[in-house]
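Going down the list, the sequences are from chains A and B. So the first sequence is numbered by the numbering used here: it starts at 1 and just counts up by one. So the second sequence is numbered by the numbering used here: it starts at 1 and just counts up by one.
It is possible that some hints are incorrect.
Claimed, not checked - To give an idea of the chain A side of the interface with chain B (calculated C-beta under 7 Å), a few residues:
id, residue
1, Lys54
2, Gly79
3, Gly80
4, Leu82
5, Ser83
6, Pro88
7, Ile120
8, Leu188
9, Glu192
10, Phe291
11, Gly320
12, Asn322
13, Ala323
Just so you know, these hints were derived from the structure itself, not from any lab. A virtual CB, placed ideally from N, CA and C, is assigned to each residue, including glycine.
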Amino acid sequence: MRLILFLICMFSAPAYAGVKEAVDVTKSFHENFAIQAQLLASDAEKSCGPDFLKPVYHKAFDAWVTASIIQFGPIDDVGGPLSIAFWPDKKGFTAKTIKRLLQENGEIITDKNQFAEVSIAGKGFFALERLLFDPEFSMYSTTSAECLLVKNIAKDIAQKADRMNDLWQTMFSDFLLTAGEEDNTVFLSKEEAAQAYLTSVIGALEFIETTRLARPLGTLERPRPKRAEGWRSERPLRNIRISLAALDDMVSALGDNEAPATQEELSIALSFIPSIQDKSLQSITDISVRFKVESLLQMVINIKEAATEELSLHLGVTTGFNALDGD
Amino acid sequence: MTTRRAFLSGLLAASTTPNLTWADAGSPAYLAAAKLPNGSFALFGLSATGKDIFQIPLPGRGHAAAVHPERPEAVAFGRRPGRFALVIDCTTGLFTQRLDVPNERHFYGHGAFIHNGEILCTTENNIKTGEGVIGLWARSENYRRIGEFSSGGIGPHELKTMPDDKTVAIANGGIKTHPDTGREKLNLNTMRPNLSFLDDAGIIQSKIELTPELHQNSIRHLDVSMGGRVAFGMQWQGDPSETPDLVGLIEPDDKVRTFNSGLSQQSGLQNYIGSVALSYDGNTIGVTAPKGNRAHFYSRNTGFIHTIKRNDICGIATKNDSFITTDGTGGVFNVNDRNLTILAHTSRAWDNHLVKI
Numbered sequence: 001m002r003l004i005l006f007l008i009c010m011f012s013a014p015a016y017a018g019v020k021e022a023v024d025v026t027k028s029f030h031e032n033f034a035i036q037a038q039l040l041a042s043d044a045e046k047s048c049g050p051d052f053l054k055p056v057y058h059k060a061f062d063a064w065v066t067a068s069i070i071q072f073g074p075i076d077d078v079g080g081p082l083s084i085a086f087w088p089d090k091k092g093f094t095a096k097t098i099k100r101l102l103q104e105n106g107e108i109i110t111d112k113n114q115f116a117e118v119s120i121a122g123k124g125f126f127a128l129e130r131l132l133f134d135p136e137f138s139m140y141s142t143t144s145a146e147c148l149l150v151k152n153i154a155k156d157i158a159q160k161a162d163r164m165n166d167l168w169q170t171m172f173s174d175f176l177l178t179a180g181e182e183d184n185t186v187f188l189s190k191e192e193a194a195q196a197y198l199t200s201v202i203g204a205l206e207f208i209e210t211t212r213l214a215r216p217l218g219t220l221e222r223p224r225p226k227r228a229e230g231w232r233s234e235r236p237l238r239n240i241r242i243s244l245a246a247l248d249d250m251v252s253a254l255g256d257n258e259a260p261a262t263q264e265e266l267s268i269a270l271s272f273i274p275s276i277q278d279k280s281l282q283s284i285t286d287i288s289v290r291f292k293v294e295s296l297l298q299m300v301i302n303i304k305e306a307a308t309e310e311l312s313l314h315l316g317v318t319t320g321f322n323a324l325d326g327d
Numbered sequence: 001m002t003t004r005r006a007f008l009s010g011l012l013a014a015s016t017t018p019n020l021t022w023a024d025a026g027s028p029a030y031l032a033a034a035k036l037p038n039g040s041f042a043l044f045g046l047s048a049t050g051k052d053i054f055q056i057p058l059p060g061r062g063h064a065a066a067v068h069p070e071r072p073e074a075v076a077f078g079r080r081p082g083r084f085a086l087v088i089d090c091t092t093g094l095f096t097q098r099l100d101v102p103n104e105r106h107f108y109g110h111g112a113f114i115h116n117g118e119i120l121c122t123t124e125n126n127i128k129t130g131e132g133v134i135g136l137w138a139r140s141e142n143y144r145r146i147g148e149f150s151s152g153g154i155g156p157h158e159l160k161t162m163p164d165d166k167t168v169a170i171a172n173g174g175i176k177t178h179p180d181t182g183r184e185k186l187n188l189n190t191m192r193p194n195l196s197f198l199d200d201a202g203i204i205q206s207k208i209e210l211t212p213e214l215h216q217n218s219i220r221h222l223d224v225s226m227g228g229r230v231a232f233g234m235q236w237q238g239d240p241s242e243t244p245d246l247v248g249l250i251e252p253d254d255k256v257r258t259f260n261s262g263l264s265q266q267s268g269l270q271n272y273i274g275s276v277a278l279s280y281d282g283n284t285i286g287v288t289a290p291k292g293n294r295a296h297f298y299s300r301n302t303g304f305i306h307t308i309k310r311n312d313i314c315g316i317a318t319k320n321d322s323f324i325t326t327d328g329t330g331g332v333f334n335v336n337d338r339n340l341t342i343l344a345h346t347s348r349a350w351d352n353h354l355v356k357i
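If we strip away everything but chain B, and leave its shape as in the complex, we get:
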């Protein structure tokens, strides 16, 4: 027979259960979505050596996941324009919550936590105006939507939390889209991308824009170092015969620099960066170019370092003092010196992003 005391202690136990950590999910080092050989989709937890830690089926193609800083919890976003996101308990593989974006909004594919994991920020489109929006969701209230603010531009894609845990860096790609026309780009002639830093009150702390002749260089992906440097990657929407800089670095004092790898190497990128990772010390940038089937590495001090070739390479994340990559042909690789060394190879197709936990 359950006594009142036992019932109460049971309740307490239930309420402490959420205090699990990533160790309870097997301590994965990375998350990545993939398409499986049978055509279905799943989210994987990977060890630092590329081994599977867990596999959670997804209802459709994933794009990226927002990782909770402490709890074994991930929020998976589908490809844009998505109407919902799923909160996944990575210890059980269960979907614990479904985030439905309000009417007149859709997700753009990325999210990030601030305030020690209490608030989830998501990149969204205001369908009526085409203005970029950052949606705010309170984790302790079952991810209730508690508000939103302007992203500081059009077409926000990736966003990352700054080291102060209350500012987000947002890549406003500048490209206007509308769900009625799918992924069609509606404003290529007038687009004007920027990289905005917004605090937790939605106030723009700073906004970085490129020179006018680069207004068709869509800033879409970024990464942040521990010291607050921000690396970003671009996708050129202008004349394909040009080879503009596609990689940039912002110092904490907002000084911006872009990098070029020289005519021959630069053209190999096919004007398209798919993912960006910045080393912990903020001195080395790794970017992937899935259309060009290669990754490039740049030094903050000396510029272009080298190229690595790999078909359909796209996911990249920092690992110790180097990088780890994933690709559409199932490979997981360490970047060692100037080569790739294989960690794992399967017949699944790794999707765009490899997210570090």
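So here's chain A without its partners, still in its complex pose:
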């Protein structure tokens, strides 16, 4: 068996062959996110009413969930993924921050410089979700502080999306494509570029597994449906479906179609998802729904295991030597 693996390693396609394709996929994800975020911001500028903004909010959030599977590079230039989607929020920082901003008569919201300093808990898609979908906040008028806050948050998301897209279309793609070349200070070898993508794919699958699924499932005795991501806007299952679809695109690109088991597992999960009726996962207290969501969790684990094996072999790299040591 060891000999067979060795021979496969020797004769498989050159390692990191899929990085160029992965960069193209990344660029298209971020280009779309920048476009959708811009639409959200310009629509919010036209009218801040929740009913008007909900469809465009969903489209922009969809685009972010897709782009968010790439967890390295320009995302750090805008303050990390939490600065766009602050979740999980166990201590309720988002609601606290919004309330504080509104109580202070909108002064901070009006002042551009002051708003820039506002905690990331009061920005991004989850702050916007509270304002658009939570009846505690969503009954505002067009002249209210809430309305201004909606506009500012949408604009902030669009600016971050724009900045990331700029970096991906130019400088950061170049770093990946010239990995290992003499003047490249970010990726010192082609393996490092491949490893960044591999770590990202596995990290994104782990996020779905542990945070989007296992956390709300809790235990049989104590399920935690309110821990589902974006339950107020009925997005829990949607975010899982969209991120798996994005991972499907990424695995195809990165694996040069040489990750058949991973793609098979992905397609099993993607075709299973529509059979779960409760899009917001709020009825996981019901044993039959719970059983289905647990099945999905197992499917995601299967994808992760297949991806770890197939992509590592195909790319000739592994995920973190130290990161996985646990000491």
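Given chain A, put chain B in place with the hints provided.
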């Protein structure tokens, strides 16, 4: 023909041979273990500029090494739960001694010398009770085990010698494990880590505990400045969606402070600090987060300074008035101002710790 006089002087020469210094091993500035591209493992001596000084094959994956303060001698520990440690003569690359831990004990991966290098202290587990143990080994008696005392807690991991050369600072991580269940954590709900200072008689000089809500914050790594400040790094075992402080500093008067880098940066650490280094003056702390692929730097006076990104970064040690890092992708870097500048890059994977000589 050997005369009696010549034989005696030969004996004398033999007995003075051990008085070699680190200069005889090429004056390495750091030690680090690594996995080589062919899958084997080795201990490396590195210069201050990250160049290889020596390479000694190891029988398995290393974790950290205890460095003798004067002699070119290192004690290499494997990953926990290890049953033995190897004393390495860094001038010849030979294993001169094998430390076998007594029955009912296993090593936890770190060691440190006290009493000018005469006594080696090792972190260990009492397998029967799960209590932490510090094993004592006498170097002048071929590393005979001369005793042990309680570490002051459960799951001791890294320990460091204090400037008085007779006190050790011990990170009692609080996590109970048993060799039968490998690295499985057996007491996450009741764990209570601490940082204990023990003198050479095993008497606890002081014990630092965190507030009760942080009882799942495992204190695992530490470093000591020349003036006796102690920086420590933690690994959060509680709800992963929380972002507790992971870095702390203890003043010589036992005053403790922990640091936070703000919601966004803090979450990037993935709740896991892999290694800690404290500047000579005790004013700057460098920590690595291999799961978060980044290093953070904190000032004693002003708190969080900045982040540096690097895949699988883990080894960190002080260098002049800054730091040097190693990572699982083969890089050795200087931390300059707010950037990394490369010193060396190979295809070996540097393991957890970079140990300063």
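Hint check:
1. Given hint, Lys54 (chain A) at the interface with chain B, is violated; its Cβ is 26 Å from that chain's nearest Cβ, farther than 7 Å.
2. With 7 Å as the threshold, the beta carbon of Gly79 (chain A) comes within range of chain B, its nearest partner Cβ sitting at about 5 Å, so the hint holds.
3. Taking 7 Å as the C-beta cut-off, the interface hint given for Gly80 (chain A) holds, the closest approach to chain B being about 5 Å.
4. Evaluation of the Leu82 (chain A) hint against chain B yields a held restraint, the C-beta minimum of about 5 Å falling below 7 Å.
5. Checking Ser83 (chain A) against chain B by beta carbon gives a least distance of about 5 Å; that is within 7 Å, so the hint holds.
6. Annotation: interface hint on Pro88 (chain A) holds; nearest CB of chain B at approximately 4 Å, less than 7 Å.
7. At about 5 Å, the closest approach between the beta carbon of Ile120 (chain A) and any beta carbon in chain B falls short of 7 Å, and the interface hint on this residue holds.
8. Hint status for Leu188 (chain A): holds, given a least beta-carbon distance of 5 Å to chain B, under 7 Å.
9. The criterion of a C-beta within 7 Å of any C-beta in chain B is met by Glu192 (chain A), whose closest approach is roughly 5 Å, and the hint holds.
10. Because the closest C-beta pair between Phe291 (chain A) and chain B is about 25 Å apart, greater than 7 Å, the hint is violated.
11. Annotation: Gly320 (chain A) was flagged as interfacial toward chain B, and the flag holds, the nearest CB pair being 4 Å apart, inside 7 Å.
12. The closest approach between the C-beta of Asn322 (chain A) and any C-beta of chain B is roughly 4 Å, which is under the 7 Å cut-off, so the hint is satisfied.
13. Of the supplied interface hints, the one on Ala323 (chain A) holds, with its beta-carbon coming within about 4 Å of a beta-carbon of chain B, less than 7 Å.
Of the hints listed earlier, those the structure fails to meet are numbers 1, 10, in rising order.
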